[in-house]
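Enquirer: Sequence:
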Amino acid sequence: MPTKGTSMESFRLMVSSLVVSRLGGDDHLELVTRILDRADVNMDGKVSLAEAKSIWSLLQNSDFFISFIFQNTEFVPKIQKFCGNIFAVEEVPHTYLYDKDNPSYLRWIFANSYQWLQPSWHHRAKIVVGLLEFIMAVYQYRNAGEFYICHLDESVVGYTRRYDMRFLGVSQLLPKQTFMKVMQLRQCFSDEDCFYSKTCSSKCDISQHTCSGSLIKPNLFHACQLLREYLLYDLVGGERVELSGMLRTCRALDNNKTSADLDHAVVLNNMKTWLWNKIQNKVS
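Numbering (UniProt numbering), first residue to last: 1 to 284.
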């Protein structure tokens, strides 16, 4: 925590050390500069002790820290204001991708009745394009490196009134560096011991009895698991066949393959391009 007498240069080094400890690497000048600029609340060109204490407290909050990293994207809710260690973000009107537990009595009769309340297919596709772009961003975001989405279901994907995707699970975004540190400290005797969450697990190195720290399945694999029913509902004919094929390919992604990075890039680009070509003249 900065104290009376802490110089601006010392505070910059404190922030830089914090960022490096969270993200690894050493080239975070742009992020550190953005943090210090945001700390200057009254925009007088300097950071007071109160402002320094406020931003320092906020940086200890992983939700704020991760949200701040992605503030230059359109995929996470914007940080509006903050005071002390409290911050507010923009309102997102639709906080679920879909809701299987909707209160309608119809869900007791028709298991898929929740799908009847979903947006049109073209609007759903627009939301999914946003999610795919977000997955592309977290795969290697500037100098912040790669992030793993360690919880991905319908409850962490929201959207605006214009059907722009907003990722609401920022607390579930884990820097690759952090995941590797946590997993490599674990003793293991089987892959089950290397389970972190439903979407974040690594393999056990039996010879060393430690977890490898490498993610078994990429973010995109889990996204395709989530999106299968969401995208195929209402789709018929050749388009359904084409998209089903792409989703099957996506659900075959495996980080253990030597071509994993290339496979990921090709599958993601193919899906995004296909969806965008179907909707570009039908949504705004």
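Keep in mind the hints are simulated off the structure, nothing from the lab. Note that this is a predicted model, so its numbers are computed, not measured. There could be a bad hint or two in this list.
Simulated pairs of lysine-lysine, BS3-like, Cα-Cα distance not exceeding 25 Å [as the list claims (entries may be wrong)]:
| # | residue 1 | residue 2 |
| --- | --- | --- |
| 1 | K272 | K203 |
| 2 | K181 | K257 |
| 3 | K217 | K176 |
| 4 | K78 | K46 |
| 5 | K4 | K46 |
| 6 | K282 | K217 |
| 7 | K257 | K198 |
| 8 | K282 | K257 |
| 9 | K272 | K282 |
| 10 | K272 | K217 |
| 11 | K81 | K53 |
| 12 | K176 | K198 |
| 13 | K198 | K181 |
| 14 | K78 | K53 |
| 15 | K203 | K181 |
| 16 | K176 | K203 |
| 17 | K203 | K217 |
| 18 | K4 | K53 |
| 19 | K217 | K181 |
| 20 | K46 | K176 |
| 21 | K257 | K278 |
Enquirer: Each hint needs a verdict: does it hold in this structure or not?
Expert: Cross-check of the supplied hints:
no.	hint	in the structure
1	K272 x K203	violated (30 Å)
2	K181 x K257	holds (22 Å)
3	K217 x K176	holds (13 Å)
4	K78 x K46	holds (24 Å)
5	K4 x K46	holds (15 Å)
6	K282 x K217	violated (34 Å)
7	K257 x K198	holds (20 Å)
8	K282 x K257	violated (38 Å)
9	K272 x K282	holds (16 Å)
10	K272 x K217	holds (20 Å)
11	K81 x K53	holds (16 Å)
12	K176 x K198	holds (16 Å)
13	K198 x K181	holds (18 Å)
14	K78 x K53	holds (22 Å)
15	K203 x K181	holds (14 Å)
16	K176 x K203	holds (15 Å)
17	K203 x K217	holds (11 Å)
18	K4 x K53	holds (10 Å)
19	K217 x K181	holds (18 Å)
20	K46 x K176	violated (33 Å)
21	K257 x K278	violated (31 Å)
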